[in-house]
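S.K.: Chains as they are written, first to last, in this note's numbering: chain A, 1 to 290; chain B, 291 to 580; chain C, 581 to 870; chain D, 871 to 1160.
These are computed hints drawn from the structure, not numbers from a lab.
All values derive from a computational prediction rather than experimental measurement.
Check before you lean on any hint, since a few could be wrong.
[Unchecked claim] With the Cβ distance kept under 10 angstroms, some of the chain D side facing chain A (calculated, not the full set):
1. Val-937
2. Thr-939
3. Asp-951
[As the list claims (entries may be wrong)] Below 16 angstroms or equal to it, Euclidean Cα-Cα: the simulated EDC-like pairs (lysine to aspartate or glutamate) are:
4. B:Lys-456 x B:Glu-556
5. A:Lys-40 x A:Asp-262
6. B:Lys-330 x B:Asp-493
7. A:Lys-63 x C:Glu-634
8. D:Lys-933 x B:Glu-344
9. A:Lys-211 x A:Asp-159
10. C:Lys-643 x A:Glu-54
11. B:Lys-353 x D:Glu-924
12. C:Lys-623 x C:Glu-846
13. B:Lys-418 x B:Glu-556
14. D:Lys-1036 x D:Glu-1136
15. C:Lys-791 x C:Glu-846
Backbone N, C-alpha and C fix where the C-beta goes; we use that ideal spot for every residue, glycine too.
Protein chains: 4
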Amino acid sequence: MSEWGHAGLTNWGRWGADDERGTFNLLTPALIQQAARLVKTGKTYSLSMPLEAEGPQWPQRHKTWKVTTFNNRPNGMGSADDVVTMHSHSGTHMDALCHVWYDGQLYNGFPAIEHVGSSGATHNSIDKLPFLVGRGVLLDIAAWKGVEYLQLGEAVTADDLDQCAKAQNVTIQPGDMLLLRTGWIRIFRQNRQLYNSGEPGIDESTLPWLKAHDIVAVAADNQAIEVMGELPPPRLPVHAAAIRDLGLYLIENLNLDELSADRIYECLLVIAPLQLTSGIGCPVNPIAIA
Amino acid sequence: MSEWGHAGLTNWGRWGADDERGTFNLLTPALIQQAARLVKTGKTYSLSMPLEAEGPQWPQRHKTWKVTTFNNRPNGMGSADDVVTMHSHSGTHMDALCHVWYDGQLYNGFPAIEHVGSSGATHNSIDKLPFLVGRGVLLDIAAWKGVEYLQLGEAVTADDLDQCAKAQNVTIQPGDMLLLRTGWIRIFRQNRQLYNSGEPGIDESTLPWLKAHDIVAVAADNQAIEVMGELPPPRLPVHAAAIRDLGLYLIENLNLDELSADRIYECLLVIAPLQLTSGIGCPVNPIAIA
Amino acid sequence: MSEWGHAGLTNWGRWGADDERGTFNLLTPALIQQAARLVKTGKTYSLSMPLEAEGPQWPQRHKTWKVTTFNNRPNGMGSADDVVTMHSHSGTHMDALCHVWYDGQLYNGFPAIEHVGSSGATHNSIDKLPFLVGRGVLLDIAAWKGVEYLQLGEAVTADDLDQCAKAQNVTIQPGDMLLLRTGWIRIFRQNRQLYNSGEPGIDESTLPWLKAHDIVAVAADNQAIEVMGELPPPRLPVHAAAIRDLGLYLIENLNLDELSADRIYECLLVIAPLQLTSGIGCPVNPIAIA
Amino acid sequence: MSEWGHAGLTNWGRWGADDERGTFNLLTPALIQQAARLVKTGKTYSLSMPLEAEGPQWPQRHKTWKVTTFNNRPNGMGSADDVVTMHSHSGTHMDALCHVWYDGQLYNGFPAIEHVGSSGATHNSIDKLPFLVGRGVLLDIAAWKGVEYLQLGEAVTADDLDQCAKAQNVTIQPGDMLLLRTGWIRIFRQNRQLYNSGEPGIDESTLPWLKAHDIVAVAADNQAIEVMGELPPPRLPVHAAAIRDLGLYLIENLNLDELSADRIYECLLVIAPLQLTSGIGCPVNPIAIA
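Isolated chain A (complex conformation) (with noise of 0.2 angstroms):
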């Protein structure tokens, strides 16, 4: 076993061989129904941030571009279009199941090599996910310390995690989608250069909390889910094992901030993927319905 692995941290076969899904497995039609009837009151909320050239987005990668088109025709009538150059991890955007990897193999045990190239993906892209429809549970960490954000490089533990939900009085159930609010995203808005220079987030010590609760998704106000003291950090441990090891979906880059001001610890979670052939990741608008 590599640096990056963990014993007994893995999914890989429990869906079977040819499983390209991970926990998407997890979301059945049961529990989906079971999450519609969190809806109490309809209100609803978009979690994402603008799309946009100063949205944000790893430093590394170069800046949304879009520019628009339009045409006046003769008969009176007007019509626009855009064109649009992003990275697929731009923005509030989901990663899919084969956005990293370690010693040559994909979640689920496919190699690499045979497939990951120029063309995209051709096992655990991103339009091998229809949606991820479900519970999602509001972890205000933030709000439970006490604090408007976080600190760079402050890490959230499996421990914090257990004491934020009991103080929340919420109990985490299998398949659940975790939204995990550091406040950090309010340092995108008041410092671009400290949002790219690392964050808050969780840390190694969730991965056997993330496996054992069978989460689905965890989702942050934050560029990479798990704390960073760097950017580009050294390494990506969280990212290493649960999406690799575990088939677990990250979402990154969300706006908590309405659903924490109201105090919606649950919600019904919709998180809807562009079907991007071959795609490793996209641009995504989460919308939670309380």
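Assemble the complex: chain A is given as a structure, and chains B, C and D must be docked to it using the hints.
M.R.: Same frame as chain A, but now just chains B, C and D:
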């Protein structure tokens, strides 16, 4: 009044002189809460076609580009990302309320010349719409007519909509989002040239119907919602009136075959537009929960 | 006549009603043969600045994107390619004769509304110009004025051009291409913000001079050839008259420092536009052979 | 030595251990001065094919995208610009010395893994080459063989090069740039599918010939200079040896028909690569002056 307008068919001013979101205003929390009650089994459907170079798309637009970058780090970990260049109106996509205009004015009277330029739209852009969530109603015109698909140039009239709803035992309600199935997307798979030469769809007789029923959106399994005898067509009267006069959303190139096979006539429908700043539209993956 | 025109300053019709190439018509084989005779030592200069995200560019345009793809084949061979997204008017670039217009007409009277659209230009596009080859004459205004660079907003007049040529002992001839050195490109390296806030350059007094001398092209070490007190400027009168009235080529953001250091005042100049179908301009690497 | 190398066929170290420009070093001022003397009439030729979606291009690459933006200002002036997305190896283009490698090493021994990544090449990139200027020699193989074009898979050997030169009464000299005409570009116009399925071109027998004659560059009217029985081909031995071992430039998809029609066998040839920072290649418009 120009050739495009229809007497009385307007929502301008209805939600204030500054409104940029049109029929979105009909999607009240109470209505969304009721729509969530429609979830019976939790079975969930992605209504998106693949987003790719060979995906469905207006033939005058360029094909979607995707190139994947990847690296293998000395520490044994590897990662990948994509670069995507696309028209925002590619594949399964939605039109913002700034997409078309006539007589120099956008929805709610904003001057096109002031608000649409190479940098995008400063009014009625796609990022003004946080979500479409509510009751989705499938009108399966092809099934009701007993055909695999309607013919090129075959019009769906207001009377057809009424009769089909009646046959399906569905009552149209204010705030509904229409899922209109013509079967035409099958032609996309069978005969690309035919798909790109016109389509069956709704005609102008449906405009008063859409207004009278306070329909929020029309999503269909064709390129332009409306009937076209040729492509590009000389006129797009449904676009002109629905988007610019009614502030109503059009979503195109959906796959409604699975809903049809399961005879799901009402569902909780979630459409989550990318929050593309000043954008004219965006690809989407509409999610139906039944 | 609008505010843009200048009495008598036009080449419309001079090379036929159908001409789309303007002053290119002055570049006869005999003139090119004479220009080749200017090669004395064979020392050759690239006059291009780097084409990159951080290269010189109109600040309202997006930065150039480049991503590199590569693969290593099982047979031991590897290869790479780039994906580039850019404005055609990026870095060191030239303007096609369709780049600007006024009163609704392009060079030689073609209606802009008919000939410029989202698909490009059907008249006067960059691919109508196969090459610019002829005598290049450096007018080293900064050296003649004894300064490292001219100041923001400092105008170069027709009288300056005459005096500088005289001081350099150079006689301007019909068919010449002007290499105008203001020293301003040094500001690009020292102070990007200043470079993007205006520039020194020629003023409207040079327009009759350009016409009288039958100048084919003006290439300069600034963003827009012409003096600008601010950027974007309220007016671009040299662009309007030179491109649209005279059919004269403008090439921008050159590096003329090496030519200046070697006091090369005349050379064989070769500018080879990319044959970008229906394009409005293109990046170039002008080559001076002395 | 791997399957790719050829004993003695290398220029590594010839121009220093740090050299990144290969045969460019042969283009001395004296040689360029002599080449300028070849200009007899001044007749000038663009050797570029159109750069456009439908232009000649390796079929595995995406098509070139171009979208044009434009505006009409209230002051009566209008202007346009393009957005271009392309592979750098599109249309008539040249390969940088980092384009291919084998056994993990680029030209002059630089490790590929260190110097080629998603951000481009840090050694041997296209911007290290300021220009190619010198004597261009047309070897009109098709004319010499008395055919309109050579056949798919038909090899041009070293002996063919010698005999064609002799028949044309041309003596090959050190520092020459070869313009190799197979007539194959006519197939591009007649039968796109055939053009994209292989080509006639030089075979491995020409590699010692290219080295012995100190050829700087080979430019041809086909996709890959070298003979290919199918496309993509299993091997590209001329690319491997010419670029990686000899540091020799390849320029592809030229139009040499006008030169052939005028029987111009020697000329001043100017190829001006875009100074694309860290780029793997670029489109060019080669200019021949006769």
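S.K.: Hinted pair, alpha-carbon criterion (16 angstroms max): Lys-933 (chain D), Glu-344 (chain B). Please report holds or violated.
M.R.: holds (13 angstroms)
S.K.: Starting from Lys-1036 (chain D), check that the Cα of Glu-1136 (chain D) is at most 16 angstroms away, please.
M.R.: Status holds; Cα separation ~13 angstroms.
S.K.: Straight-line Cα separation of Lys-623 (chain C) and Glu-846 (chain C) no greater than 16 angstroms?
M.R.: Between Lys-623 (chain C) and Glu-846 (chain C) the Cα gap is close to 12 angstroms, so the pair holds against 16 angstroms.
S.K.: Are Lys-643 (chain C) and Glu-54 (chain A) close enough, with their CA atoms no more than 16 angstroms apart?
M.R.: holds (13 angstroms)
S.K.: Measuring from the C-beta of Thr-939 (chain D) to each C-beta in chain A, is the shortest one below 10 angstroms?
M.R.: For Thr-939 (chain D), the interface hint holds, since the closest Cβ of chain A sits about 6 angstroms away, which is under 10 angstroms.
S.K.: Just to be careful: measuring from the Cβ of Asp-951 (chain D) to every Cβ in chain A, is the smallest value less than 10 angstroms?
M.R.: Cβ of Asp-951 (chain D) sits 9 angstroms from chain A, so the hint holds.
S.K.: Decide if the proposed pair is consistent with the structure: Lys-330 (chain B) and Asp-493 (chain B), CA atoms, cutoff 16 angstroms inclusive.
M.R.: violated (34 angstroms)
S.K.: Within a Cα-Cα threshold of 16 angstroms, do Lys-418 (chain B) and Glu-556 (chain B) meet the stated pairing?
M.R.: This hinted pair is violated, its Cα atoms lying about 27 angstroms apart.
S.K.: Are the Cα positions of Lys-40 (chain A) and Asp-262 (chain A) separated by 16 angstroms at most?
M.R.: Holds, because 13 angstroms separates the two Cα atoms, which is no more than 16 angstroms.
S.K.: For the pair supplied as a hint, Lys-456 (chain B) and Glu-556 (chain B), is the alpha-carbon distance within the 16 angstroms limit?
M.R.: holds (13 angstroms)
S.K.: Has the given pair, Lys-791 (chain C) with Glu-846 (chain C), been kept, meaning a C-alpha gap of at most 16 angstroms?
M.R.: Cα-Cα ~20 angstroms, so violated.
S.K.: Does Glu-634 (chain C) lie within 16 angstroms of Lys-63 (chain A) when you go C-alpha to C-alpha?
M.R.: It holds: about 13 angstroms lies between the C-alpha atoms, which stays within 16 angstroms.
Of the numbered hints listed earlier, those contradicted by the structure are 6, 13, 15.
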